[in-house]
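Number of protein chains: 2
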Amino acid sequence: MTIGIDMMGGDYAPLEAVKGVQQYLASHSIPSSLVLIGDKTAIEKLLDEHELASAYVQVVHAEQVIDMHEHPTKALKEKQQSSIAIGFHLLASGKMDAFISAGNTGAMLVGALFSIKVLEGVIRPAISTIVPKADGGTGLLLDVGLNADCKPEQLNQFAIMGSVYAQLILEIENPKVGLINVGEEEGKGNILAQAAYPLLKENKHINFIGNIEGRDVLTGKADVMVCEGFTGNVILKMAESLFEIGQAKKIKDEFFERFNFENYGGTPVLGVSKPVIIGHGISGAKAFMNMIKLAQTMIKKNVMQKMNEELS
Amino acid sequence: MTIGIDMMGGDYAPLEAVKGVQQYLASHSIPSSLVLIGDKTAIEKLLDEHELASAYVQVVHAEQVIDMHEHPTKALKEKQQSSIAIGFHLLASGKMDAFISAGNTGAMLVGALFSIKVLEGVIRPAISTIVPKADGGTGLLLDVGLNADCKPEQLNQFAIMGSVYAQLILEIENPKVGLINVGEEEGKGNILAQAAYPLLKENKHINFIGNIEGRDVLTGKADVMVCEGFTGNVILKMAESLFEIGQAKKIKDEFFERFNFENYGGTPVLGVSKPVIIGHGISGAKAFMNMIKLAQTMIKKNVMQKMNEELS
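Chains A and B, in that order, give the protein sequences.
First residue of the first sequence: 5, per my numbering; consecutive thereafter.
First residue of the second sequence: 5, per my numbering; consecutive thereafter.
Hints are computed from structural coordinates only; laboratory data are not their basis.
For identical chains, the list gives no copy identity; a pair is met inside one copy or between any two copies.
Subject to a maximum C-alpha distance of 25 Å in a straight line, what follows is the list of computed SDA-like cross-link-like pairs (lysine to any residue):
1) Lys192 - Glu244
2) Lys192 - Phe265
3) Lys225 - Ile286
4) Lys78 - Ile195
5) Lys192 - Thr109
6) Lys290 - Arg219
7) Lys253 - Asn264
8) Lys78 - Glu188
9) Lys23 - Lys44
10) Lys137 - Phe265
11) Lys49 - Gln85
12) Lys44 - Gly98
13) Lys241 - Ala138
14) Lys137 - Ile213
15) Lys137 - Arg262
16) Lys256 - Tyr268
17) Lys99 - Lys121
18) Lys155 - Gly187
19) Lys241 - Glu188
20) Lys78 - Glu189
21) Lys225 - Thr109
22) Lys137 - Glu244
23) Lys180 - His209
Given the structure is predicted, the values throughout are model-derived calculations rather than measurements.
With the sequences and hints as input, model every part of the structure.
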């Protein structure tokens, strides 16, 4: 099992990525093989400093970096020697089984969409986020930004992909799927939600519990929450701001601490054939470690294959 | 100035409505005239018990009540003697200047849409909500549910109506208008947001500051936040749930207390010719008092007329 990491992505690259690798290796007696992609000199210097010579770690040089604000498609095309472009090349050619980056989100999405295959029948991949629930549980919300406009059938696919992820990664048995909407009753909502409801209702691959509302997002009514990427992105960023507000107001409550994205590491792209995990730009060591662990679990549990089965 | 109140609407009717009237009268030496609509016997008994004989209070009997879960259009049509139907009749015929209810939201919306006129040029009215901001300020979000699908021009009208409301009622000078979106840059978003942006940018009646994201909703970047009613409704209900979560977790912070809808009372319907204020089903005395005060201020400050001017 080989996991690739873009060492140049994120605001604290490559130091925090190296520290994350260190934390990962320290906590695993038989780790996965790691391919660290980026400026070889800088990375090897940091590996030395952190005494990280390991048979499980290999450095692949990338002489370019895609900056956070570059145009994704243009940058990927023009910077073939960037850490992200090389990462996707290694992933697509089978030299790696998963790829992680906290770099340019758009470039990671474009790379995931065009370098590796989407699962058969998937209209468009989605990105998801973990949502801490007030009851202590954990929910999954998708799409959170890859598909600002959706067709009803896409929401139906998100429900399947989310259910598989919730089962295998969040370890929720028979996860309850809710359609994010403006009211509880069938027939409520915008045109999209009205059209998606019957598809979800008839979908034998999921445990659909009906519509859920904004007030249910943080309270645990559903395990998998489905919506188009516009609403999902607004919810995601509003939830993230709760952690910051809680910090700023010095609210000492474990619930708010759980909105700290570092606990989860990154956002997997769902609907593609291999694990691609996108980290937050401000990812620190803990986030990197958790992304490596997530990639490892996704590979071990055959998440993509299971999705493929359920989707077909 | 005459303000009508549906005494039969809400979970604690008519007692909490009577208590709200009492609080209102106690805090105003020269109050507005109040028309209390509902079961005359029950209301007069409560008025006696609360020693509320007042020249400013008149009771209008309504022998029917529209329940919370009745179908709005059907109920309004069939229950012509309900407190909501009578209220809109009195409002439309000029016997009242504003109408308040914590009853069936759908019936209130249908009544507002079809009994009284929309302002000239308004495609569809909208409902708004106050959003407490972490910096202590107050924002306005609209639409929060009346228009689950919108055309770009509607968002442009929401921006104007919201700006007038923010100026006159929230007393924010030159309110900053933000378009809720998935990214900051122009060109981001779903088809609707992409099309609305240039309209807002060229709108001379508002102070447009560009796109705002989910993380900006609670932090005060914009004073008036514009979106279609689907996303707005999800945001509203998610924000409301914060108050409940804060209560349940015994988080003592003034910010969370401010999400208590009772502080604001109700949601005005914007874009119609007279103030119509819809309260929460669980409105208590304080909410009723605040709705009466809001109706009074909206009449005094000619909010509807000002909107009419800015929209044309």
